[in-house]
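There are 2 protein chains.
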Amino acid sequence: MQKVVTLKEVTRITATAPMDVSVHGGRAKCLQRLVRLDMPVPTTVALSFSAVHKLAAGDLPDIRSILSHFDEAALLSVRPSSADPDWGGPGAVLNLGMNDTRHAALCDTLGEGAATRLYLKFIQDYAVEVARLDPDAFPMPAVPDRAALNAVLEIYETEMEDAFPQELEVQLTEVLRSMARAWEGTSARLLRSARGAPADAGLGLVVQEMALGVGPGECGTGVVQFVDGDTGKRQVTGRYRRQHQVGADRSDDEGALFLARDKRGPSLQDCAPDAFAALLDYGDLSRRKLRAEMEIKFVLTDGRLSILDAVRVPRSSRGAVRIAVDLARDGIISHEEAVMRVEPQALSELLHRQVSPKANRDVLVRGIAASPGAASGRLVLSAAEAQASAARGEPCILVRRETTPEDIRGMHAAEAVVTLRGGVTSHAAVIGRGLGLPCVVGASDLLIDTRARRITTPDGRTIAEGEVITVDGGAGEVLAGKPAMLEARLDDAFRTLLDWADDFRDIGIRANADTPADAKTARNFAAQGIGLCRTEHMFFETDRVDLMREMIFSQTPEGRAAVLERLLPLQRADFTELFQIMQGQPVCIRLFDPPLHEFLPSDRAGMRDLAEVLDLPLSDVTAQVETLQEYNPMLGMRGVRLGITVPEIYDMQARAIFEATLKASKKGEPVVPEIMIPLVSAMREVELVQARIDAVAAAVRNETGRDFTYRLGVMVETPRACLRAEDIARHADFLSFGTNDLTQMAYGLSRDDAGRFMSTYVQQKVYAEDPFHTLDIEGVGELLSIGAARGRRSRPGVTLSICGEHGGSRAAIAFCRAQGFDYVSCSPFRVPVARLSAAQLALEETRPNLRKLAFR
Amino acid sequence: MQKVVTLKEVTRITATAPMDVSVHGGRAKCLQRLVRLDMPVPTTVALSFSAVHKLAAGDLPDIRSILSHFDEAALLSVRPSSADPDWGGPGAVLNLGMNDTRHAALCDTLGEGAATRLYLKFIQDYAVEVARLDPDAFPMPAVPDRAALNAVLEIYETEMEDAFPQELEVQLTEVLRSMARAWEGTSARLLRSARGAPADAGLGLVVQEMALGVGPGECGTGVVQFVDGDTGKRQVTGRYRRQHQVGADRSDDEGALFLARDKRGPSLQDCAPDAFAALLDYGDLSRRKLRAEMEIKFVLTDGRLSILDAVRVPRSSRGAVRIAVDLARDGIISHEEAVMRVEPQALSELLHRQVSPKANRDVLVRGIAASPGAASGRLVLSAAEAQASAARGEPCILVRRETTPEDIRGMHAAEAVVTLRGGVTSHAAVIGRGLGLPCVVGASDLLIDTRARRITTPDGRTIAEGEVITVDGGAGEVLAGKPAMLEARLDDAFRTLLDWADDFRDIGIRANADTPADAKTARNFAAQGIGLCRTEHMFFETDRVDLMREMIFSQTPEGRAAVLERLLPLQRADFTELFQIMQGQPVCIRLFDPPLHEFLPSDRAGMRDLAEVLDLPLSDVTAQVETLQEYNPMLGMRGVRLGITVPEIYDMQARAIFEATLKASKKGEPVVPEIMIPLVSAMREVELVQARIDAVAAAVRNETGRDFTYRLGVMVETPRACLRAEDIARHADFLSFGTNDLTQMAYGLSRDDAGRFMSTYVQQKVYAEDPFHTLDIEGVGELLSIGAARGRRSRPGVTLSICGEHGGSRAAIAFCRAQGFDYVSCSPFRVPVARLSAAQLALEETRPNLRKLAFR
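So the protein lines, in turn, are chains A and B. Here the first sequence is numbered in this note's numbering, starting from 0 and rising by one per residue. Here the second sequence is numbered in this note's numbering, starting from 0 and rising by one per residue.
Hints are computed from structural coordinates only; laboratory data are not their basis. Incorrect hints may appear among the rest.
If several chains are the same, the list does not tell them apart, and a pair holds so long as it fits within one copy or across any two.
To be verified - Here are the simulated lysine to any residue pairs, SDA-like style, with alpha carbons at most 25 angstroms apart:
| no. | residue 1 | residue 2 |
| --- | --- | --- |
| 1 | Lys357 | Gly254 |
| 2 | Lys7 | Pro215 |
| 3 | Lys53 | Gly473 |
| 4 | Lys764 | Leu567 |
| 5 | Lys764 | Leu595 |
| 6 | Lys662 | Val699 |
| 7 | Lys481 | Asp732 |
| 8 | Lys481 | Cys270 |
| 9 | Lys764 | Pro556 |
| 10 | Lys764 | Ile643 |
| 11 | Lys764 | Arg683 |
| 12 | Lys481 | Ser49 |
| 13 | Lys764 | Leu627 |
| 14 | Lys288 | Gly796 |
| 15 | Lys232 | Glu168 |
| 16 | Lys764 | Ala147 |
| 17 | Lys764 | Asp732 |
| 18 | Lys7 | Ala56 |
| 19 | Lys262 | His772 |
| 20 | Lys7 | Ala561 |
For reference, chain A alone in the conformation it holds in the complex (with noise of 0.2 angstroms):
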């Protein structure tokens, strides 16, 4: 995007030429900036985007007013310059001015070996990215002498039937317009839109006097940083090449020296300290002055430094973190500008076990990245294979076609879990998420054969039961073995810059926890309290799933009242542990949601089973097993609509809460519970429900003698209670919506049988994303934006907020901002990230120039 600027096309780079990231490129400027802290860049000069446009076209720049720039014996190189250096762009051409002539010449000065291997790394860049030749046909010789580079010189001549071209004009006008057409061709325009590029990205170039490197003297090629990128912390590091024109990369220490003195081996400080002084000296210049910790290119030749180009240093998530905040606390950056350094989504890693970048990756079978982390243990196929397992102290990861909640307790004992079915937002990937457990799911390549106890890969291997795997649930892949891992580890700079921002969020982030772990990851992570707290693993325990079932088959409401009696003192302790936790936090409290026959057995061993137990022929456990058989039980008879059939479940839960409350407030400041009922169409649903729980608080009240307070709101999860919310928010304290179901509802589209064609929908981009995973603004929104409207219209301090699997992304967090939600509430470890994202939009929205101050 080309600013309207009247900047010249070409300009030689000086401190006060005018130059421009949106017209000359980055490389360009970040020159410029080099050159304006005195560093000894050697000469440069940028073409605008506009010039290299034209340029493709077939409009030459001028090219004796570029040469006029450099001295005549120079070599020159020309380096791509665009935007963003993560768009890709053509190679480097070094070396141009080389030809017959000057190679005679150099030989005298630098010798035939040196003055070879520049000529040859010119024609070999030239042939490639200019003559686009095969790359294969124009090694370096082993022995770079006049023989080998005159058979090079015959290769070029007989594939292009023409000489190797000897003028600089010729040569520079090629290489330039080779690279600005390179830039508009189709596989380039192809690869940088995929990495974000927008359609009429330009490229910049820089022509730059070549420091040569070798020769006579200290000559080399050198990389140097001031941190360390895994760590951020401060330590010298880079390599430094003697007599190479091409910088050592980081991870090829062959033949090259280290910067700082070091026990490994000879350094760059020992046989050039003068160098290496100036260059620490460059490095704190430029954290000063640039504002960030950079990675320098030089040179050395004949001992003399030469700067070619400074980027930001190459950074773990982790490193980034500590480099922000280190720049703040050094006062060379703002606080502000430290919470906007920082990627959102790189915490996420951070708060869990990766696999080792460095680790060999076996790829067994690819699925869904469905939640983060990475975890190693022996295969098992059964949620009771898991728990056995796990009581024997052995690791386990958890393969299944698909989890139910019979499944949870399994998930629990698991490290990891995988599944071949569902998405993003199936139950495996849910409750995976909130119980920070890695998951894949999805890998529907796998198959298991349960007889056999094993699973084959799409590749026909085998792994049996008990083998040990790997589940990177970041990457979305399962391993084969046991890959090095990468701790997780929160330090103290973490929490600093979430601090940070926490003082620029404007709008509240709080944690859906269901269990007292959760609770306490929710606090650990400093979540303003609990947004929603599913009740129904509550009763999925050993104990209390054979009271429910007792329940489930008690003709009459006494009978089921007597049941739900001995669930209470249950019910009442995880409250109580709950709010005491959480204590001074709100803790918000869904009544129970999921269809009863999520509690009986499916399959006909536990229909014997439960018959057994309850004492009842099997004919009538069956019947009963298949009365409450749902088509679709995502739209039956659950939530609210069991609320007021079975109403006795709610006032048991209802009495559970309220004594919780009045336990927990002894010992600390009282709670304020919030009651919140799911899947309401309806405002008479809301009356009714809340007459029986005020019957229920009075009757508490009354036997204990004592007062308290507690709010009632509704989950906000069908589209109809969006459109009624001016109803429905007369007789709710809060509105909750439930982007989850709302976004299956409003789109007519089950997220566990989604899987199957989401891919193909998002590939053809019949949907821009996958609304599971990324709010969907223009419909779920606007129902979200009526439902707040509404809701407002007949209590205008209504809370609002959402709490649905999207309640951690920026694009749901930047939309509850903009509608003045008072906060959302996601999985407990994804709350850094949210608050950090929050912050973030904040920042943007009231210092709208902060981003452009962080150096690229």
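With chain A held as given, fit chain B onto it using these hints.
Okay, now just chain B, sitting in the frame of chain A:
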């Protein structure tokens, strides 16, 4: 609802006295009409609603002034006169003025028996209505002599501790006060509110001089009708009882005379020819002047005729139609009025065979009335058995837990269908209505024992397969045996009325028709085209389902296309037949909608068969079946999602439609097919399907060298499609709202699963009505409004309609008219009802006073 007019509270009824139904009630107003026609109505005084209301509060009217209108010797009656006789009211009290003195005098003129009966009747009425004593304590004695009279008077005195009142003034005061209070009592209020009366409904009272009907000469009481209420044909009927005060009930012939001369017995025409002739005159007079067929109550006293009352003659639905049409044909009422006088729902009864009202009903079980009509047949418990039974020519009734698409051929073979599960929009109900098949669903109290091949009723009776039962789909009942039936008959009056209705109707009515039989029915009922042709049934026929299965197991697009190639001629023939039947009218074809798993067997045996047919290992078949299984099929891989991921199906259908279009167009007017895309939630879905269908059209034009046109539209049935209608309408010639699915998704409620709690929900008024039965204007209706408005934004002339099950209902038609929709589409058998409803709605708007003209 009392008008603010200055009408007197006590008014003697004369031809000119101001009198209004909303002030004095219907009986008073009717009596005035009779007075105006110079009929011999005894002297009558009317008390207004206001007078009676004050009376209940203790504020007495001037009794003397009332009595001043009557002869001192007259006995009086008091009768209720509310705005609508259906609202109930206190019973009449006869013979006020009777006391010991008058009794003695009448013994002389009428004889002791008659005089005593008059007194006893008054004492009875007074004791029950005024003194609130037990009616059993006051039986009419076998011999009504003075001794019996004294006994009764003594009982009264003992119970009341007071003598029976002898003063007419006291009698009248107490009777009036008692009747006024009864009207204000709680039970009367509840009763009339349940019958639709407003909270402030008023009661008028009429005080009338008694025409005794007993005594010397020709004395008696009777009722006469001038049409047969069952058929509506003109014919004098009625009964007359000599020496009786209370008219003969129509069904109680004992001791009664016929009106006209009759071979079966004595008649009024024989014994009082003048009175009979006068009655005929009055009938004719009232028909012309009151513009209605009346039932007249009369009394003869010594041969002198008195007219006590006249009401619209009670009539069947069939009778109502013929009476209205005959009145209009005779120029007595306008066509508009005739159209307004028939209840649309009543037409529905005429279209279906009914259990005779006179038949004995032995109810086996009650369920939900899902499709009207009645049928008898042998009980069968499987679709296969239904087909076998039909093949043997034995009518059968199919009873299933629920029906699935696999049962469709069985349903075709059955006379009626009963299911234990589901609601009014379950599969069985929808198909039943489509086929015009009587259907009862949700008969959850029935038990099916498939092994023992029998059903058990709630009271423990068992019915074996093969025994004859009867389904009354209009009443929602299953009956034992084979009661007498009334056949359906569409007479000329029915057709005439609907032709008139069409003159006033201003919204189109189409039919939902899937088969040639449906289409013929639609055409027969003058539907204006097919609004929804579901194509999936075409794939469930034996030869086709096998091809569908073969297609499902094809692994490549080419393989699928090859199988579909074989389906093409069958599908083309389907459409050609439909187009020919509907020649000249639009046919809207919905592309393939159901999930593919509906075509696969669900049981082990079926899978084994399929493996054999396809020559595949059983494990491949079970794996594919498992792969296609869905958690929530309603929200799964169906509709346009299938159209995009397996595009070969829509390609084949489009080709079949276009080739059929050309074929059918050869024989008459060109056919313009409408193609409708189901389950759309995003504009891009439409764009992608449109591109392929346009390509198929181009190919067919190219191959045949012939041109044709078609219209492409969208079935709007997801909330998101409503919200995004502006985008979607850019690619859609028409938007047809599928209110079934839209209701499911707006509420998050599966129609197949809602049956389990819907009755509780409606009883507790959580939902005002079952939203699958009555269009939810507040929620779903708003989605329709949003969709319509937005669709028009991008395409102002876009054709709008609804095609769900709601289409035929009055509320839905009213809504669609208000929104300016083009048409509604409903089951073929609802088309007549919809035509009449639509006409009435148009007339109510354009001629708002029309309804008031109809005599109540």
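Those earlier numbered hints the structure runs against, lowest number first
When the structure is compared with the hints, numbers 2, 3, 4, 7, 8, 12, 14, 15, 16, 19 and 20 turn out to be violated.
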